[in-house]
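Quick note, the sequences are listed as chains A, B and C, same order.
Residues in the first sequence are numbered from 1 upward in steps of one, following our numbering.
Residues in the second sequence are numbered from 1 upward in steps of one, following our numbering.
Residues in the third sequence are numbered from 1 upward in steps of one, following our numbering.
Watch out, some of these pointers could steer you wrong.
Residues of chain B placed beyond 12 Å of chain C at every Cβ, according to the derived structure [stated by the list, open to error]: (1) 5; (2) 62; (3) 119.
Straight-line alpha carbon distances no greater than 25 Å define the calculated DSS-like cross-link-like pairs of lysine-lysine that follow [stated by the list, open to error]: (4) C:131 / A:21; (5) A:51 / A:77; (6) B:34 / C:77; (7) A:2 / A:24; (8) A:2 / C:77; (9) C:95 / C:16; (10) C:95 / A:21; (11) B:31 / B:88; (12) B:23 / A:77; (13) A:2 / B:23; (14) B:87 / B:62; (15) B:52 / B:70; (16) C:5 / A:21; (17) A:21 / C:77; (18) C:77 / C:125; (19) A:51 / C:16; (20) B:88 / B:70; (21) B:55 / B:31; (22) C:95 / A:2; (23) A:24 / C:77; (24) A:24 / C:95; (25) B:88 / B:52; (26) C:113 / C:131; (27) B:70 / A:77; (28) B:34 / A:68; (29) C:95 / C:5; (30) A:21 / A:2; (31) B:34 / C:5; (32) A:21 / C:90; (33) B:31 / C:131; (34) A:2 / B:31; (35) C:113 / A:51; (36) B:52 / B:31; (37) C:16 / C:90; (38) C:113 / A:2; (39) A:2 / B:48; (40) A:24 / C:113.
In short, the hints are calculated from the structure, not lab data.
Glycine is no exception: its CB is placed at the ideal position from the N, C-alpha and C atoms.
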Amino acid sequence: MKLGVFVSDFTLTTDTLERFKADKLGIILVQNGVYHATTKENGKASSLLDKTPNLYALSEDIQIRGMKDADVDKRVKVVNYGDVVDLIFNEYDKIAWL
Amino acid sequence: MGNLTIGCYPGLVGSMTYDFALKLADAAATKGHKVSIWFSGNATGSVKANQKHLKDYSTGEKYLKALLEKGVEICTCEACTVARGVKKDEGIPGIQWNAMHWYLAKIYSADRVLLIGGE
Amino acid sequence: MSDVKLAFVVQKPQYKGETSRLAITHAIAYQTVEILLEDGQTVTPKLCFIGEGVLGLQKGQNAMDLYGITSTESHMKNALLVDLDVLVCKEDLAKYGIPEDAMPNAEEMGADKSIQIVPFTEIQKAVEEAKHVLFF
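Construct the complete structure from the given sequences, taking the supplied hints into account.
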């Protein structure tokens, strides 16, 4: 199963993420989920970023919050809505909004 | 080209998740994908016509009309909508009214399904 | 003839929001979808409750008297009556201290199916077997 997951909250939804096993897991950070990519809580990056190498964050949702693409953790690829559509159709066979 | 079905449940006002659903639909339709949107729960309040666009609040109507023009199929859950006091003749023209099986029928032929749950 | 399998995964608790209830009513709608499909085309949802989604499933709910709405318990019974597979995560019931025999059944209404209390691995399997997964 190739599972693409949208994370839209900064509070961790790791319980569900950790339980479901996927051959390929993608995490698409949107809305407040982008803070996982931009914010270090007590100096430490979000543990969500350790879960998979396939990490994406939506540029519009970074910029609306007054941050820049440059603020994003290097492991995370910044994408636009069109890129998200391509991820949905080309990289994952199931998608989920947690 | 693919077929994307989006289930959208959050309300128009008070949550930007609704905006995300419409923007994603627009991006997919712009790329030539077939897109359908199912409104349920609080999202159904957004199908009422004559919305006043105040800058402190998200607006649905002009974006919904633009999506309809792009060929996106949009349907609202009739029970959820009338429960919120919206009558059919007050709705945005072009938006369909139906029951939950409409959504399941669209899912049947979809390549990808994204359900965005509500509050 | 083709069937599309779906996994409806409910992870939000009942009653504060309506999303978890809508999962059940949407799943029940599989019964009438045929009017919009061609002969032989079907969709088959499996309703799976995990995490906090197992909260608010217990017997003895009184939603109609107190709030004038159909209880989740009644919706669950209706789901069983229309032969839906309803899976509740065994580990999560244990985690929240909910006894397995607190789950409702619809035997008295003539349902053939019962709620299946299963290990999480069974829910993972349902998700893998489904063409689409919908998280509520």
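Quickly compare the C-alpha distance for residue 131 of chain C and residue 21 of chain A to 25 Å and report which way the hint goes. Distance ~16 Å between residue 131 of chain C and residue 21 of chain A Cα, so the pair holds.
Does the no-contact call for residue 5 of chain B survive, Cβ to all of chain C over 12 Å? violated, 8 Å
Need the status of pair residue 23 of chain B, residue 77 of chain A: alpha-carbon distance at most 25 Å? At roughly 19 Å apart (the allowed maximum being 25 Å), residue 77 of chain A and residue 23 of chain B satisfy the hint.
Regarding the pair residue 2 of chain A and residue 31 of chain B, is the alpha-carbon distance no greater than 25 Å? holds, 22 Å
Given the hint that residue 21 of chain A pairs with residue 90 of chain C, does the C-alpha gap stay at or below 25 Å? It holds: about 18 Å lies between the C-alpha atoms, which stays within 25 Å.
Is residue 88 of chain B within 25 Å of residue 70 of chain B, Cα to Cα? With a Cα-Cα distance of about 23 Å, the restraint between residue 88 of chain B and residue 70 of chain B holds, given a limit of 25 Å.
Run the distance test for residue 52 of chain B versus residue 70 of chain B: straight-line Cα separation, threshold 25 Å. holds, 23 Å
25 Å Cα cutoff - pair residue 113 of chain C, residue 51 of chain A: violated, 38 Å
Sort out whether residue 48 of chain B lies within 25 Å of residue 2 of chain A, counting only the CA atoms. Given that 25 Å is the threshold and the Cα spacing comes to 38 Å, the pair is violated.
For a C-alpha distance cap of 25 Å, please report whether residue 51 of chain A and residue 16 of chain C respect it. Cα-Cα ~30 Å, so violated.
What's the verdict on residue 21 of chain A and residue 2 of chain A, does the C-alpha distance respect the 25 Å limit or exceed it? Distance of about 10 Å is within 25 Å: holds.
Run the distance test for residue 24 of chain A versus residue 95 of chain C: straight-line Cα separation, threshold 25 Å. With a Cα-Cα distance of about 29 Å, the restraint between residue 24 of chain A and residue 95 of chain C is violated, given a limit of 25 Å.
The structure shown violates the earlier hints numbered 1, 3, 6, 8, 11, 17, 19, 21, 22, 23, 24, 27, 28, 29, 35, 36, 38, 39, 40.
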